[in-house]
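Enquirer: What follows is each chain in one-letter form.
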Amino acid sequence: MIRFDDVTFVHQNGVRALDGVTLEVRAGETVAIVGENGAGKTTLVKHVTGLLKPASGRVLVDGADTKSSSTAQLSRKVGVAFQNPDHQLFSETVEEEMSFALKNFGFSPDLVANRVSWGLELFGLEEYRKSSPLVLSGGEKKRLTLACILAWDPQVVILDEPTVGQDSIQKEKLAGTIRMLRSTGKTVVVVSHDIEFLWPIQPRVVVMKGGKVVGDGPASEVMQDRELLESARVAQPQLVEFHHWLGRGPERPFVDPLEARRWVEGGMRP
Amino acid sequence: MMWISGGFVFRRGTSAYHKLDPRVKLLISLLMFVATLLVKAVYEMAVVIAFMVAVAAVATVLKRVLRTMAFTALFSAFIFGVNMLATRNLFSSTLYATRFVAIVVSTSLFFITTSPDELEQVMKTFRFPRDIVFAFVTAVRFIPVMMLDTIQIMDAQKSRGLELEKGNILRRVRNMIPILIPLVVNSVVRSGELAEAMESRAYGAVPRPTSLVAYRAGGRDVAVAAAAVLVFALTAYSFYYILPLHLP
Amino acid sequence: MTEILKIDGLSFKYPDSPRKAVSDFDLEIPEGEIVALAGPSGCGKSTLLRTVNGLIPHMYSGDYSGDVLVAGTSVKGSSMRDLAQNVGFLFQNPENQIFMFSVERDVAFGLENLGVPRAEMRKRVDEAIDLLGISSLAQRAPHELSDGQKQRVALAGVLAMRPRLVILDEPMSLLDPKTASELVELVEKLRKELGTTFVVVEHRLDLLVKHADRLVVMSSGRKVIEGSPREVLFGDEAESYGVSVPAVTKVQRMLADDGAVPRDRLMSPPELATAVRGALR
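Chains as they are written, first to last, in the working numbering: chain A, 1 to 270; chain B, 271 to 518; chain C, 519 to 799.
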């Protein structure tokens with residue numbers, strides 16, 4: 001679905017933000033991109049929708065080179081929810097905010113109305129339909145931006161730091177949305193620091209450091225590689241750390257606290 | 271935009287000129303400015319501009335200054351054209367056009383070698399009210415932040431299918447709305463947060479705030495200032511008394 | 519023990535809001551503690567913090583009743599000038615609290631405003647810069663700093679004023695976990711070396727619980743839970759208020775309920791692993 005072939009990108013100030021990145025994301029995968037601030041995660045995302053074009057190498061989205069497509073064309077297939085909702089909300093009402101992209105993509109008025117209602121309901125924003133997006137709380141704004149993107153039904157959804165400023169209840173809902181997208185066959189890419197949030201979702205994990213991909217594999221493998229995580233300044237999920245110190249445990253670390261409890265209790269029963 | 275950022279925005283430098291007391295740099299730029307007004311002949315203007323180029327070279331900003339001159343030349347071509355139409359006088363039209371370039375360069379030399387902190391110092395020397403000085407400092411401080419905001423907003427809207435370069439002029443202007451509104455909203459939010467942070471750090475607590483850095487003009491600054499005044503005086507004198515050649 | 523902060527029956531309502539943002543709030547914090555403040559978004563945390571450093575009622579007015587005392591003095595009756603020297607406030611976005619063009623000048627900003635003489639100011643600025651390990655950045659401009667560095671610069675500017683109480687408003691939300699844990703270690707160090715009291719607003723408690731003496735949970739403007747992190751996180755209410763209970767604490771809580779591990783203190787992953795190994799032997 002998305003392919004990076006030896007992509008290098010250098011910022012104006014000379015910083016090599018991407019350095020020979022080769023990466024393939026297949027349709028239907030859920031991928032987390034982790035790494036410290038400045039590791040190149042956001043630069044990577046901007047290459048997918050052609051907001052940035054590689055200095056060398058190439059980026060293919062659904063088989064098409066991003067160099068020969070516009071951001072508008074690419075965005076039809078790849079929806080990106082950027083970190084700060086205040087960088088995009090501008091309409092008079094929530095409803096209009098949601099229709100903006102759909103109109104840009106040439107949806108028929110009927111379809112627009114349809115998709116908007118669907119999105120508002122899915123994200124529990126129905127009551128704000130006629131309110132200004134600016135009066136929403138931080139968490140609601142985040143949900144609205146996600147609704148805006150899902151409304152045009154892109155094949156790939158990219159979330160850039162979706163958990164920033166969210167409390168645990170909101171994060172739980174967000175994890176539910178990601179699971180729902182996965183079950184409907186969407187390709188989901190999550191850029192996040194929030195390891196504890198990512199771990200129960202069990203995505204494929206791509207670790208970035210200094211513009212390079214330094215680790216790539218299932219969460220259960222990558223998150224057990226303490227040396228790799230240490231060098232990329234990525235934290236280890238607590239349950240994985242717990243599993244590590246247990247010394248002897250099941251082969252795979254516990255995905256959630258209940259699983260850990262069951263294992264311990266199983267061991268205690270004679 | 272390019273013209274402004276290239277010609278007037280400070281970038282850190284380590285030359286001896288950068289290290290001069292900002293008031294001396296202001297004096298030199300002012301003298302150069304006045305010199306361009308005193309000039310009555312094209313060859314005199316050439317002398318003044320040559321002097322500016324020399325200063326730019328010393329300040330290691332020659333490339334930027336030359337680029338600014340090239341950009342400015344476009345405007346001055348216009349001035350030249352208008353003048354020629356009005357006066358039919360090649361001599362005075364050339365003088366006006368080159369004077370415009372010289373004035374821009376003299377101002378630019380000051381701004382590109384003087385940091386916002388130094389500008390603040392200069393404003394304080396001239397007893398600008400504290401609020402005005404501070405408003406100026408924050409404005410300069412937030413230029414890069416606002417530019418980054420703009421890029422991020424444009425990225426977000428382009429990712430929602432906005433095509434800035436599409437349609438006729440009217441459509442293009444309308445296309446700016448999704449960019450401008452978030453930019454304004456963000457700026458308003460930002461200024462609110464700034465105001466809170468200022469209050470929390472005792473802004474306005476005493477009528478005469480102190481300053482961490484003392485800008486005291488050293489011996490070298492005084493010497494350079496004296497030399498600048500001398501060169502200016504000699505040049506002005508020679509323009510009027512020694513070389514009244516009435517060459518074109 | 520002396521209280522650095524005492525909030526006594528505080529209620530506050532913004533003029534154009536139908537309900538109180540903070541309501542009947544009581545809190546006493548002894549000097550030198552690290553206190554974590556949590557709660558769902560929109561629960562009134564920001565408002566509460568602003569009543570402590572005086573932005574409410576000095577900058578924002580509204581219906582104010584009850585009292586807030588910092589080091590025994592009422593916030594209402596103090597000037598912003600005095601408050602600024604007692605209460606430091608690190609706002610969420612470091613970008614919007616760095617004013618000057620160089621780090622050093624910015625750290626001095628508050629002291630300049632207070633009219634501190636240059637020699638004294640130089641000393642305090644250098645101290646603050648040393649304390650936060652940013653000497654190498656002293657001459658940098660704000661746009662040349664990373665988010666983590668900006669956070670440190672802003673904190674240095676707050677500390678240079680030598681406040682006895684420092685408020686940190688979601689200081690870690692923009693930082694990656696390693697940078698965030700460095701910030702938490704720094705807070706602990708400052709508490710030890712300077713005896714400063716810290717109130718930290720944070721959803722993510724995994725990094726903070728190790729050092730916090732007290733955890734306060736707010737909801738709809740009220741204090742709903744208060745206790746040591748152990749008491750609060752082992753209770754069953756915290757999660758319903760949007761507090762993230764660290765995964766390892768959830769495991770410990772369940773195993774402690776079964777009697778497999780002790781519940782007398784919060785355990786880190788290696789500690790819990792050791793306890794479990796002991797139980798399984």
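Hints may contain errors.
[Said to hold, decoys possible] Calculated lysine to aspartate or glutamate pairs in the DMTMM-like style (CA-CA distance at most 25 Å, straight line):
no. : chain 1 : residue 1 : chain 2 : residue 2
1   : A       : Lys171    : C       : Glu755
2   : A       : Lys103    : B       : Glu435
3   : A       : Lys67     : B       : Glu314
4   : B       : Lys333    : C       : Glu662
5   : A       : Lys173    : C       : Asp585
6   : A       : Lys212    : C       : Glu700
7   : C       : Lys741    : C       : Asp526
8   : C       : Lys696    : A       : Asp160
9   : C       : Lys524    : C       : Asp585
10  : A       : Lys209    : C       : Asp665
11  : A       : Lys212    : B       : Glu469
It is worth saying that the hints were derived from the structure and are not from the lab.
Enquirer: So, for every hint listed, does it hold in this structure?
Expert: Evaluation of the provided hints:
1. A:Lys171 with C:Glu755: 17 Å, holds
2. A:Lys103 with B:Glu435: It holds: about 17 Å lies between the C-alpha atoms, which stays within 25 Å.
3. A:Lys67 with B:Glu314: 53 Å, violated
4. B:Lys333 with C:Glu662: Within the cut-off at roughly 23 Å; holds.
5. A:Lys173 with C:Asp585: 38 Å, violated
6. A:Lys212 with C:Glu700: 24 Å, holds
7. C:Lys741 with C:Asp526: Holds, at roughly 12 Å.
8. C:Lys696 with A:Asp160: Holds - the C-alpha atoms of aspartate 160 of chain A and lysine 696 of chain C are around 19 Å apart, at most 25 Å.
9. C:Lys524 with C:Asp585: 8 Å, holds
10. A:Lys209 with C:Asp665: 17 Å, holds
11. A:Lys212 with B:Glu469: Outside the cut-off at roughly 43 Å; violated.
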